[in-house]
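Now for the letters of each chain:
Protein chains: 2
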Amino acid sequence: MNYYRPPLSDIRFLLETFDYDGVVGKIPAYSDFDLETCMGLLEAYAQFCVSELLPLNEKGDQQGVKYDPETHDVKVPDGFIEAYKAYCMNGFASLPHPAEFGGMGAPLVLSTLAQEIISACNKSFSMCPGLTAGLIEALHAHASKEINDKYLAKLVSGEWAGTMCLTEPQCGTDLGLLTTKAEAFGDHWKLTGTKTWITFGEHGMTDNIIHFVLARLPDAPSGIKGISTFIVPKILDDGSRNPIFCGGTDHKMGIHASPTCVMNLEDCEGWLVGEPHKGMRSMFTMMNAARLQVGSEGVSLGEAAYQNALEFAKDRRQSRSLNPELRDENHAADNILVHPDVRRMLLNVKSTTEGVRALIAWIGINYDVMHNSEDAEAKEKASDLVALLTPIIKSYGSEQGFANISEAMQAMGGAGYTADWPVEQYMRDERIAMIYEGTNHIQALDLVGRKLPMKGGQLMRVFAGEVTSLIRECSGDEALAPYVAALKTESKRLNETTMTMGAAAMHDNEIIGAVANNYLNQFALVTLAYAWLRQLKAVQSRPEDDTLRRAKMQTGRFFFELVLPEAEMYAKKVAVGKGPMTEIDVDLL
Amino acid sequence: MNYYRPPLSDIRFLLETFDYDGVVGKIPAYSDFDLETCMGLLEAYAQFCVSELLPLNEKGDQQGVKYDPETHDVKVPDGFIEAYKAYCMNGFASLPHPAEFGGMGAPLVLSTLAQEIISACNKSFSMCPGLTAGLIEALHAHASKEINDKYLAKLVSGEWAGTMCLTEPQCGTDLGLLTTKAEAFGDHWKLTGTKTWITFGEHGMTDNIIHFVLARLPDAPSGIKGISTFIVPKILDDGSRNPIFCGGTDHKMGIHASPTCVMNLEDCEGWLVGEPHKGMRSMFTMMNAARLQVGSEGVSLGEAAYQNALEFAKDRRQSRSLNPELRDENHAADNILVHPDVRRMLLNVKSTTEGVRALIAWIGINYDVMHNSEDAEAKEKASDLVALLTPIIKSYGSEQGFANISEAMQAMGGAGYTADWPVEQYMRDERIAMIYEGTNHIQALDLVGRKLPMKGGQLMRVFAGEVTSLIRECSGDEALAPYVAALKTESKRLNETTMTMGAAAMHDNEIIGAVANNYLNQFALVTLAYAWLRQLKAVQSRPEDDTLRRAKMQTGRFFFELVLPEAEMYAKKVAVGKGPMTEIDVDLL
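So the protein sequences, as listed, match chains R and B. At position 99 of the first sequence (counting the first as 1) the number is 123 in the numbering used here, and the numbers step up by one without a gap. At position 477 of the second sequence (counting the first as 1) the number is 501 in the numbering used here, and the numbers step up by one without a gap.
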C-alpha cells in the first residue's frame with residue numbers, strides 16, 4: 025500500500041507566501057517562469073513521478089543492484105533504465121539547466137521543490153539525475169568552454185550521467201587526506217587512486233558516465249589546498265574504455281536501488297576543471313545545492329510517511345476515546361484519530377515537515393535571487409541567507425526527517441514495521457541523509473565556525489533583520505500575538521546564545537566543536553518559527569472558514585506550543601560548554 | 025565486523041550497588057544464588073551467547089525465515105536449530121524457572137540481565153526462549169496442577185517452546201476487540217479464529233509448540249472482561265496435529281530471523297488456563313516481565329552499537345583537533361575521538377545505556393523481592409516500585425535505545441550505514457521494541473492512568489521516598505553536590521508536574537491521553553538521575569584513581585549536565601495540556 029500524493033497545494037501556497045512572482049518572477053532570466061508556469065511544470069513532473077517512479081520504489085528496494093565482478097558492471101533494478109529514458113524524454117533531467125546547453129533554465133527553487141516529489145516517489149532513482157545536476161552546475165561554473173561544449177549538452181539531456189568522486193577509504197569528512205594522483209599526460213592528465221561511496225558510480229542507464237574526480241597534481245600542497253578537480257569520462261572520445269572500474273557496491277541499510285560504488289582508477293585519462301589546486305571551489309558550488317536537496321529529502325520522506333500513517337489511521341479503530349463526546353457507539357472501538365497521542369504524533373510530523381518545506385521554498389527563492397538577480401543588494405542579502413540557512417536545512421531537515429518517519433511508524437503500530445507499508449523503507453532510505461553531503465556535525469561546524477563569523481557577523485544580522493521585520497508586520501494581529509511573542513522570545517534567546525558562545529569561542533576554539541550541534545538545532549527551531557509565522561500571517565487574508573487557513577492555524581499552533589519549546593533545551597545544552605566532553609579520559613569510554 | 029563484549033563488569037558493579045547480596049541473597053528461595061554464583065552463571069551464559077549465537081546474527085538477518093504455504097511450516101535460518109538445542113542442553117532455557125519443574129530457580133534479576141546479553145548477540149534468536157519463559161511464568165501462576173504437570177517440565181527444559189497468541193487483525197492495542205471463539209468440547213474447548221503478530225508461532229526448533237491463546241467463551245461479556253486464556257498445543261497427546269496452522273510470515277524491517285506469524289485456528293483443541301473471563305490476569309503476569317525485557321533490549325543493542333562505534337572510532341583518523349594540544353603531528357589527521365562531538369555522541373549513548381541498565385538491575389532486584397521475599401512490607405514496597413517503573417523502563421528504554429543506535433551510527437559516518445558493521449541491523453531490530461508488548465503510548469497511559477492513582481498515589485510516594493533517602497545519604501559529599509542538587513530540582517519539578525496534571529485530569533480525563541508520553545519521558549529522566557546518583561555514590565568508596573570510579577564519574581557528569589536538562593522541556597510540554605491536539609479539526613490533518 026502506498027498513499028503518496030505530491031503536496032502541490034502546499035507548494036503553491038509557499039511560493040505565494042514567499043512572493044515568488046514578485047521576487048523570482050521579476051528576474052529577467054526567469055521571465056518565462058511565472059508561478060502558474062512553475063505549477064504546471066510541477067504538476068506534470070509529479071504526475072510522471074507518481075505513475076512511473078513510485079511503482080518501482082518497493083521493487084527496487086527488494087531487488088537492489090547487482091555487481092558483476094568479472095565485467096565490473098552494475099545492474100540496476102528492473103524498470104530503472106526505461107524509467108530513466110522516459111524521465112529524460114520528458115525533459116525533466118534538463119529542468120534547471122542553462123538554455124544554451126538545451127536546458128529549460130527553470131529557477132532552482134522549482135527543481136528543489138521537484139526534488140521533494142521525486143525523492144518521495146523513489147529516492148534511489150532520484151540520485152542519478154540529482155548527481156548529474158550537481159556535476160552540470162559545477163562544470164558550468166568552473167570548467168573551460170571546451171569542456172562545457174563537449175559535455176554539457178549530453179549531460180543536460182540526460183544522455184550521459186554524472187558522478188561525484190570525492191571520498192576515499194581514508195578520507196570522508198576530511199578531504200584534505202585524499203591521495204588520488206594526477207600525472208601529466210600530453211594536454212591532460214592520468215589519474216590513479218581509489219574512490220569510495222560513489223553514488224551511481226556504475227550503472228547501465230546511460231552510454232557514458234562522466235566522473236567528477238578530486239585528485240592531487242604532482243606539485244600539490246598537502247591538505248585541502250592541494251586538491252584539483254577533473255572530469256574522467258567512462259568512455260573516451262575514440263570509444264575506448266577509460267580504466268575507471270567499479271570494484272564493488274556497498275550493502276547498505278537503505279537506498280538499495282542506488283548503487284554505492286568503490287571506483288578504482290588506474291591511469292585514467294582526465295581533464296582539469298578550473299584552476300590547479302582550487303578544486304574545493306568547484307566542489308562547494310555543487311555541495312550547496314546538494315545540501316539543500318538533502319534537507320529536502322527529509323521533508324520528502326517525512327511527508328510520504330505522514331500521508332501513509334494518516335491513511336492507516338483513518339481506517340483503524342482501536343480503544344475508546346477518553347472524551348465521551350467523541351465515542352462512536354456504532355462501533356466497538358473508535359477511530360484512532362480521536363486519540364490525542366495519535367494526533368500529537370501526526371501533528372509533530374506535519375508541523376516540522378511543513379516548516380522545513382517552507383524554509384526550503386524561502387531559501388530556494390533566495391538561491392535564484394543570489395544567482396540571477398540584477399539587483400546587487402538583493403543578491404548579497406540572498407546570498408547571506410542561503411549561506412546561513414543551507415547547513416541548518418541540511419542538518420535539521422535530515423535529522424527531523426528521520427525522526428518524523430519513525431514517529432509516523434509509531435502512529436501505525438506494528439503495521440508500520442512491516443513491508444506491507446512503505447514507511448520502514450523510508451526510514452532505511454532516509455537515515456543516510458544525516459551522514460552524506462557532509463555529516464550533520466560538518467554542517468554545524470560550517471554554521472558556527474564559518475557562517476557566523478563571515479563578513480563580521482553580517483549573515484546573522486540579515487536573518488535577525490528578517491525576523492524583526494516579520495514581527496513588526498505581524499504586530500497588532502491578535503490571532504498571531506502568541507506566536508509573535510514566542511518568536512520574539514526565542515530569537516532573543518538565540519542572540520544571547522550566539523553572543524555567549526561567540527565570546528567563549530574567542531578564547532577557546534574547541535568549544536565550537538562541543539556545542540555546534542546543539543546550537544544548530546536551537547537555531548533551526550527559530551528559523552522554523554520564522555517560517556511558520558510567515559505562513560500564519562499569509563493565511564490571515566483568507567476567509568475564516570478557508571480550509572488552508574484553518575489547517576495552517578492548527579498545525580502552526582502545534583509547532584509553537586509543542587515543538588518550539590525544544591529550543592530552550594538546546595540553549596541550555598549549549599550553555600554547558602565543552603567540559604563534559606573535553607574534561608574526560610578518553611580511554612575510559 | 026562485530027566488537028560486542030558482554031558488559032559483565034558493569035553488571036557486577038550494579039548488582040553490588042543495589043546490594044544484591046543484602047537483598048536478593050537474603051531471600052531463602054534464592055539461597056543458592058549469591059552474587060558470585062550469579063556472576064559465574066552470567067559468565068558462562070555470556071560465553072555461550074558470544075560463541076554460538078553472535079555468529080548467527082548477521083547470517084540470520086540476511087537469510088530470514090522461509091514460509092512454505094503447502095506444509096504451513098516455517099524454516100528458521102541455518103544453525104538456529106542446533107544453537108537452540110545447545111542452549112537448552114546447557115540449561116540456559118531453565119535459568120529462572122521453578123526447581124520443581126526442573127528449572128534452576130535463579131532470581132529474575134539474573135535472567136533479566138542475561139537477556140541483555142543474548143539480545144545483543146542475537147535478538148531474533150532470543151525471542152524463542154523469551155516467549156517460552158513468559159508462558160512458563162503465566163502457567164505457573166495461573167494454570168491448574170494438571171496442566172502444569174503436563175507441560176511445565178518440557179517447557180522448562182526447552183524441549184517444547186511456547187508462544188503468546190494475543191493480537192488479531194482487528195485488535196492490537198485494544199484486546200477487548202478480540203473475536204477468537206472457544207466452544208465447549210468435552211472437558212475442554214475448541215478454538216477458532218485468526219491470530220496475528222505471533223512471534224515464533226511456527227518453527228522447526230522443537231517437537232511441539234505450546235500456544236497460549238486469548239479467546240472468548242460462548243457466554244463471555246464483551247470487551248476485555250470477556251477474555252479467557254487457553255493453551256493450545258501444536259501436537260496433541262495422541263501425536264495428532266491440532267489444527268493451528270501458520271498462514272504466513274510478515275516481512276519486517278528487522279528481526280528477520282524471528283518468524284512473525286499469522287496463526288489460523290480452526291476448531292483447535294484447547295485447555296482453559298485460570299478462571300473463565302479472567303484471562304487478562306494471566307496475560308499481565310507475563311506482560312510485566314516481558315516489558316522489563318523489552319526495555320532491556322534497548323540497553324542491549326544500544327550497548328552493542330556503542331561498542332562497535334567506539335572500536336570504529338579508535339581506528340579512524342579524520343580532521344584536526346580544535347585543541348592544538350591534542351594534535352598528533354605524526355599523522356596527517358587526528359583520531360576522531362579527539363573531537364568533542366564524537367565524544368558527545370558516545371557519551372550520550374553510554375550515559376543513557378548505563379542509566380537504564382542500572383534501573384533494570386534495581387527493578388529486577390525488586391521483582392525478586394516482590395515475588396519471593398518473606399518480609400511483607402518489603403514485598404509491597406518492591407511491588408510498588410516494579411509497577412511504577414516497568415512502563416518507564418519499557419518505553420524510555422526502547423525509545424532511547426533506538427535513538428542511541430542511531431547516534432552510534434552517526435559517530436561512524438557512512439560505515440555505520442553499511443552491513444559491514446552490525447549497527448544498521450541493530451537499528452532495524454530495535455525499532456519494533458517501541459511498538460510491541462504494548463506500544464509506548466500504552467506504557468504512558470499505564471503509568472499515568474493506572475500506576476499514579478493506584479493505592480491513592482502510594483507508588484509515587486514510595487519512589488519519592490527513595491529519592492529523598494538517597495539525597496540525604498549523599499548530602500555532605502562535595503563531589504556529588506551538583507548531582508544531588510540536580511536530582512532535587514528535577515524531582516521537585518516532577519512532583520509539581522504530577523500534581524498539576526493530576527488536578528487537571530480530575531476534571532478532564534482526555535488530558536491524560538494528550539500529555540502521558542511527555543510525562544513518562546520527564547519521569548524517566550528523573551529515575552535515571554536517581555539511578556546515576558546511586559552509582560556515583562557507590563563509586564565514592566573506591567580509590568580516586570580507580571578506573572571504574574573515574575569512568576562512572578565522567579559518564580554520570582555527562583548525564584546530569586547534558587541529558588537531564590531534557591526533563592524540563594518535557595515538563596513544559598506537559599504543561600501545555602491537550603489544546604493543540606484536541607482543539608483541532610481532524611479532517612484538516
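Possibly wrong hints are sitting among the right ones.
Identical copies go unnamed one by one, so any copy, or any two together, can satisfy a pair.
Stated by the list, open to error - Capping the alpha-carbon separation at 27 Å, the derived lysine-lysine pairs in DSS-like fashion look like this: (1) K178 <-> K214; (2) K90 <-> K403; (3) K90 <-> K405; (4) K109 <-> K99; (5) K169 <-> K561; (6) K83 <-> K276; (7) K99 <-> K276; (8) K276 <-> K169.
For the record, the hints were derived by calculation from the structure and aren't laboratory data. Quick caveat: nothing in here was measured; it's all calculated off a predicted structure.
Hints, one by one, checked against the model:
1. Taking the shortest Cα distances, K178 and K214 sit within 27 Å of each other inside one copy (23 Å), while across copies they are farther apart (71 Å).
2. When the C-alpha separation of K90 and K403 is checked against a cutoff of 27 Å, the pair qualifies neither within a copy, at 46 Å, nor between copies, at 60 Å.
3. For a Cα distance limit of 27 Å, the shortest separation of K90 from K405 qualifies neither inside one copy, at 47 Å, nor across copies, at 60 Å.
4. For a Cα distance limit of 27 Å, the shortest separation of K109 from K99 inside one copy, 16 Å, qualifies, whereas the shortest one across copies, 42 Å, does not.
5. For the homomeric pair K169 and K561, neither the shortest alpha-carbon distance inside one copy (47 Å) nor that between copies (71 Å) is at most 27 Å.
6. For the identical chains of this complex, K83 and K276 are neighbours both inside a copy (16 Å) and across copies (15 Å), given an alpha-carbon limit of 27 Å.
7. For a Cα distance limit of 27 Å, the shortest separation of K99 from K276 qualifies both inside one copy, at 16 Å, and across copies, at 25 Å.
8. With identical chains, the CA atoms of K276 and K169 are never at most 27 Å apart, being 39 Å at best within one copy and 52 Å at best between copies.
Going through the hint list in order, the structure does not satisfy hints 2, 3, 5, 8.
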